[in-house]
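Peer 1: So the sequence lines, in the order shown, correspond to chains A and B. Note that the first sequence covers residues 1 to 447 in this note's numbering. Note that the second sequence covers residues 1 to 447 in this note's numbering.
Hints in this document: simulated from the structure, not taken from any laboratory. A few of these clues could be false.
For identical chains, the list gives no copy identity; a pair is met inside one copy or between any two copies.
What the hints assert, rightly or not - Here are the simulated DMTMM-like pairs of lysine to aspartate or glutamate, each with C-alpha atoms no more than 25 Å apart in a straight line: (1) K72 to D21; (2) K12 to E351; (3) K54 to E38; (4) K12 to D380; (5) K72 to D380; (6) K54 to D380; (7) K72 to D308; (8) K305 to D413; (9) K305 to D320; (10) K56 to D380; (11) K54 to E64; (12) K166 to D267; (13) K54 to E3; (14) K12 to E29; (15) K72 to E38; (16) K89 to E281.
One letter stands for each residue in the lines below.
There are 2 protein chains.
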Amino acid sequence: MCELEGLGYRGKALELLRGADCSVGDILEISSRGRVYEGILMPRFGAGAAIIVKLKSGYNIGIEVTDMVEIKRLGRGAKPAFVAPLLPKQNPALPHVVIMSTGGTIASRVDYRTGAVRSAMSANDLLGVVPELADIARVETEFVFSIYSEDFCQRDWSELALRVAKRVEEGVDGVVIAHGTDTMAYTSAALSFALQGLPVPVILVGAQRSSDRPSSDAATNLIGAVRAAGEAPFAGVGLAMHESISDAAIVVHRGTKVRKCHTSRRDTFQSVNGLPFAVVEDRVVMLSEHYQRRDPSRRLVLRQKFSDAVVLVKFYPGFDPSVIDFYVAQGMRGIVLEGSGLGHVSRVCFESIGRAIDRGVVVGLASQCVGGRVNMNVYDTGRDLLGLGVVAFEDMLAETGLVKLMWALGQTDDTRQVVELLRADVAGEYSCCTLLREGSLHYRGGL
Amino acid sequence: MCELEGLGYRGKALELLRGADCSVGDILEISSRGRVYEGILMPRFGAGAAIIVKLKSGYNIGIEVTDMVEIKRLGRGAKPAFVAPLLPKQNPALPHVVIMSTGGTIASRVDYRTGAVRSAMSANDLLGVVPELADIARVETEFVFSIYSEDFCQRDWSELALRVAKRVEEGVDGVVIAHGTDTMAYTSAALSFALQGLPVPVILVGAQRSSDRPSSDAATNLIGAVRAAGEAPFAGVGLAMHESISDAAIVVHRGTKVRKCHTSRRDTFQSVNGLPFAVVEDRVVMLSEHYQRRDPSRRLVLRQKFSDAVVLVKFYPGFDPSVIDFYVAQGMRGIVLEGSGLGHVSRVCFESIGRAIDRGVVVGLASQCVGGRVNMNVYDTGRDLLGLGVVAFEDMLAETGLVKLMWALGQTDDTRQVVELLRADVAGEYSCCTLLREGSLHYRGGL
Numbered sequence: 001m002c003e004l005e006g007l008g009y010r011g012k013a014l015e016l017l018r019g020a021d022c023s024v025g026d027i028l029e030i031s032s033r034g035r036v037y038e039g040i041l042m043p044r045f046g047a048g049a050a051i052i053v054k055l056k057s058g059y060n061i062g063i064e065v066t067d068m069v070e071i072k073r074l075g076r077g078a079k080p081a082f083v084a085p086l087l088p089k090q091n092p093a094l095p096h097v098v099i100m101s102t103g104g105t106i107a108s109r110v111d112y113r114t115g116a117v118r119s120a121m122s123a124n125d126l127l128g129v130v131p132e133l134a135d136i137a138r139v140e141t142e143f144v145f146s147i148y149s150e151d152f153c154q155r156d157w158s159e160l161a162l163r164v165a166k167r168v169e170e171g172v173d174g175v176v177i178a179h180g181t182d183t184m185a186y187t188s189a190a191l192s193f194a195l196q197g198l199p200v201p202v203i204l205v206g207a208q209r210s211s212d213r214p215s216s217d218a219a220t221n222l223i224g225a226v227r228a229a230g231e232a233p234f235a236g237v238g239l240a241m242h243e244s245i246s247d248a249a250i251v252v253h254r255g256t257k258v259r260k261c262h263t264s265r266r267d268t269f270q271s272v273n274g275l276p277f278a279v280v281e282d283r284v285v286m287l288s289e290h291y292q293r294r295d296p297s298r299r300l301v302l303r304q305k306f307s308d309a310v311v312l313v314k315f316y317p318g319f320d321p322s323v324i325d326f327y328v329a330q331g332m333r334g335i336v337l338e339g340s341g342l343g344h345v346s347r348v349c350f351e352s353i354g355r356a357i358d359r360g361v362v363v364g365l366a367s368q369c370v371g372g373r374v375n376m377n378v379y380d381t382g383r384d385l386l387g388l389g390v391v392a393f394e395d396m397l398a399e400t401g402l403v404k405l406m407w408a409l410g411q412t413d414d415t416r417q418v419v420e421l422l423r424a425d426v427a428g429e430y431s432c433c434t435l436l437r438e439g440s441l442h443y444r445g446g447l
Numbered sequence: 001m002c003e004l005e006g007l008g009y010r011g012k013a014l015e016l017l018r019g020a021d022c023s024v025g026d027i028l029e030i031s032s033r034g035r036v037y038e039g040i041l042m043p044r045f046g047a048g049a050a051i052i053v054k055l056k057s058g059y060n061i062g063i064e065v066t067d068m069v070e071i072k073r074l075g076r077g078a079k080p081a082f083v084a085p086l087l088p089k090q091n092p093a094l095p096h097v098v099i100m101s102t103g104g105t106i107a108s109r110v111d112y113r114t115g116a117v118r119s120a121m122s123a124n125d126l127l128g129v130v131p132e133l134a135d136i137a138r139v140e141t142e143f144v145f146s147i148y149s150e151d152f153c154q155r156d157w158s159e160l161a162l163r164v165a166k167r168v169e170e171g172v173d174g175v176v177i178a179h180g181t182d183t184m185a186y187t188s189a190a191l192s193f194a195l196q197g198l199p200v201p202v203i204l205v206g207a208q209r210s211s212d213r214p215s216s217d218a219a220t221n222l223i224g225a226v227r228a229a230g231e232a233p234f235a236g237v238g239l240a241m242h243e244s245i246s247d248a249a250i251v252v253h254r255g256t257k258v259r260k261c262h263t264s265r266r267d268t269f270q271s272v273n274g275l276p277f278a279v280v281e282d283r284v285v286m287l288s289e290h291y292q293r294r295d296p297s298r299r300l301v302l303r304q305k306f307s308d309a310v311v312l313v314k315f316y317p318g319f320d321p322s323v324i325d326f327y328v329a330q331g332m333r334g335i336v337l338e339g340s341g342l343g344h345v346s347r348v349c350f351e352s353i354g355r356a357i358d359r360g361v362v363v364g365l366a367s368q369c370v371g372g373r374v375n376m377n378v379y380d381t382g383r384d385l386l387g388l389g390v391v392a393f394e395d396m397l398a399e400t401g402l403v404k405l406m407w408a409l410g411q412t413d414d415t416r417q418v419v420e421l422l423r424a425d426v427a428g429e430y431s432c433c434t435l436l437r438e439g440s441l442h443y444r445g446g447l
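Pulled out of the complex, with its shape left as it was, chain A reads as follows (with noise of 0.2 Å):
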């Protein structure tokens, strides 16, 4: 297999890059339909069958392979150095840092700022693109998968979890996890369940521009996560991306209390509900004072089952419940309800959520508003869907709550159980906050 081969090209596409004598991370120009596009040769991953290019804009676009594209090379790509002569030495006495990659902009970014496609996630090879990694921690890379995060789903989340675990076991002081940012918060979540009384921190990181841009993130992400995996007093899942817009700091917010709130800012994610964990600048500042310790003697239990039947529902106004019915017929075993504000939906659909929870499906509530807490019992809406056998979700953001749903159905058959773990704080997805125990007082005890 040749190297076009390799990074994926195929049939027509192949063909045209070979007869142009080209490889991935030369510069091209490509006609195509009347326009020219100058660019960088990428993989190909995923399926389709275009011509990948990174633009001088940074961005990615795939041109599709038809008879009328023409290709010229323009300049051969930087060579990757496999060994930079500068390289920084791995230092024993540093904490031991494994980087996992699964795919993403973080990713890409060392793949491609010196060409170097496939080598860049050997440890020495992103020494030499990001070197400041060596003053801080021994790192060694592992592959994992190269997928797009809108791709992952629970057989990857076990994967990934066993993989974690393998290490972890073997004694690692931590585990960073390259992840696309699409939906790492809810791999973070599946992480958070899966991998019970971590003695160490496994930390997820990914990058929202990628290196060849001016205001990439990828290197200061990954220098925090990294300082976070091998320094950090906490154990337990994090996700490590910037603050704010400006470079200052790097956050650590909790596995279960993370959403994707921006599609484009570097601070895109934001702990919800709660404080993060930490704060990443020359070390690493606790924020939070509710985290497991590190403990390199606490033995780490494995749970890595996730069900499939597990669908999540938005309701909105005209929301038409006939879908509940169609899910339950399916044979899903969960529902997650985003619900309107304090965790309503119209009355419409209670005669469906009943049907369900009478046949054993476990349906849970959380609000579509994502601050703050569902809370049931102010109005009639709430008060009824409760007894109907509803779960509330209290502070957990939905997408920990469907996460969530799917892990413990994943663990056991029975309903019961599958309620009780939904109702117990398992991994910080709930906070004890001032609220709860003011709710608390409130609607457990009466007036």
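For chain A, the structure is supplied; the task is to place chain B on it using the hints.
Peer 2: Positioned in the frame of chain A, the structure of chain B alone reads:
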């Protein structure tokens, strides 16, 4: 029909309340299942047989009627002061503002502060409760309906638009609509599309805390809304609520760019991807430069039809696309996908989406990030979705996009015209910001 019946009590509950000689507004002690509740008797709206009592905490609870329930009247409620001795006089020189009530916490303030349950929405009673209004506008009240906002649907939007149009055509200077907060942003988007070319402001207003709680925001929100309706230099649909958690200012958001972002905070409504219209302190200060000016000579065009055949589907890891096929089989004509990041769904969905579009279903894509702009030209996934015929919702909120698609399919059966309407900026739902212009350069002009 006695007062208790008129206020929703039936059967056993009615019997018990009559037996204890209770009226709505009275202070009761109710014993049930070993617990004793003290509170004010409230009307019973909606289904169910419980007795509704407002506790000292400010929350309403429903006490189920069983043979074990005992009721004791502790005191009479304050009787409504139909003509308060010092009731401020309406000043005919002030702007004429109609306050319409549709339900929600804000209406309950006016209802229950003095115990004046049914009459409080007359102009005099309203002035008795919020006398400040008399210095701002010549207020008139109009009862439209009293429903929980989670029960609102398309026909309610149409009815409300008709009622507003009637008053606007009569020449009022502004309209205020008291509304439950849960789905208020959906209604503000619906009215924005239905009431085209408005000559005056139409301001939705709600409250997060009812008036008998010390932290109530009902009066301040109402005062701000009436001032904006009567005095503001803009025309169009706005939504007035607290700007922050302090009482300093009321902010008026654009009807199509606003979202409920917290379950309980008073500043729960936030303008997303755009500035609010205005801030209201002792006068109205415009914050946005992009608005239609108030112009009583402009002719309102009423477009109040909304389709029932539109659904919203939120994407997540493990999402099974068969629900898209289900909706197509059900005869849905529009689907809004809430994708991840810049506008992505997993490749496993492509076949179902393509099939839907082939059958004439209009499919729009918004981002579940909430903030930012869908940009489907950056990654393959987005480009492939555009290739299938998906309409990118740019920086329009998913909720606004849903309402807009319901509205567009209410205007025409022609799929092409619907797509044209979706792409046009009809009511400020798209921001024409720098990012969009830069984006146009990148993606429409080639390199």
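Peer 1: Work down the list of hints and note, for each, if the structure agrees.
Peer 2: Structure-based check of each hint:
Taking the shortest Cα distances, K72 and D21 sit within 25 Å of each other inside one copy (9 Å), while across copies they are farther apart (93 Å). In this assembly of identical chains, K12 and E351 lie within 25 Å of each other by CA distance solely across copies; the values are 24 Å between and 56 Å within a copy. Within a single copy, K54 and E38 get their C-alpha atoms as close as 8 Å, which meets the 25 Å cut-off; across copies the closest is 69 Å, which misses it. Taking the shortest Cα distances, K12 and D380 sit within 25 Å of each other only across copies (18 Å), while inside one copy they are farther apart (63 Å).
In this homomeric assembly, K72 and D380 come within 25 Å of each other (Cα to Cα) only across copies, at 23 Å, whereas the closest approach inside a single copy is 69 Å. Taking the closest pair of Cα atoms, K54 and D380 come within 25 Å of each other only across two copies (12 Å); inside a single copy the shortest separation is 55 Å, beyond that limit. Neither within a single protomer nor between protomers do K72 and D308 lie at most 25 Å apart by alpha-carbon distance, with minima of 47 Å and 53 Å respectively. Only within a single protomer do K305 and D413 lie at most 25 Å apart by alpha-carbon distance; the minimum there is 12 Å, versus 47 Å between protomers.
Taking the shortest alpha-carbon separations for K305 and D320, only the inter-copy value of 18 Å comes in at or below 25 Å, while the best intra-copy value is 32 Å. Proximity of K56 and D380 under a CA criterion of 25 Å is satisfied inter-copy only: 17 Å between copies versus 57 Å inside one chain copy. With identical chains, the CA atoms of K54 and E64 are at most 25 Å apart within one copy only, with a shortest distance of 14 Å there and 65 Å across copies. When the C-alpha separation of K166 and D267 is checked against a cutoff of 25 Å, the pair qualifies neither within a copy, at 31 Å, nor between copies, at 47 Å.
Taking the shortest alpha-carbon separations for K54 and E3, only the intra-copy value of 18 Å comes in at or below 25 Å, while the best inter-copy value is 73 Å. Taking the closest pair of Cα atoms, K12 and E29 come within 25 Å of each other only inside a single copy of the chain (17 Å); across copies the shortest separation is 82 Å, beyond that limit. Taking the shortest alpha-carbon separations for K72 and E38, only the intra-copy value of 10 Å comes in at or below 25 Å, while the best inter-copy value is 83 Å. Taking the shortest Cα distances, K89 and E281 sit within 25 Å of each other inside one copy (23 Å), while across copies they are farther apart (62 Å).
Violation of the numbered hints given earlier is confined to hints 7, 12; the remaining hints are satisfied by the structure.
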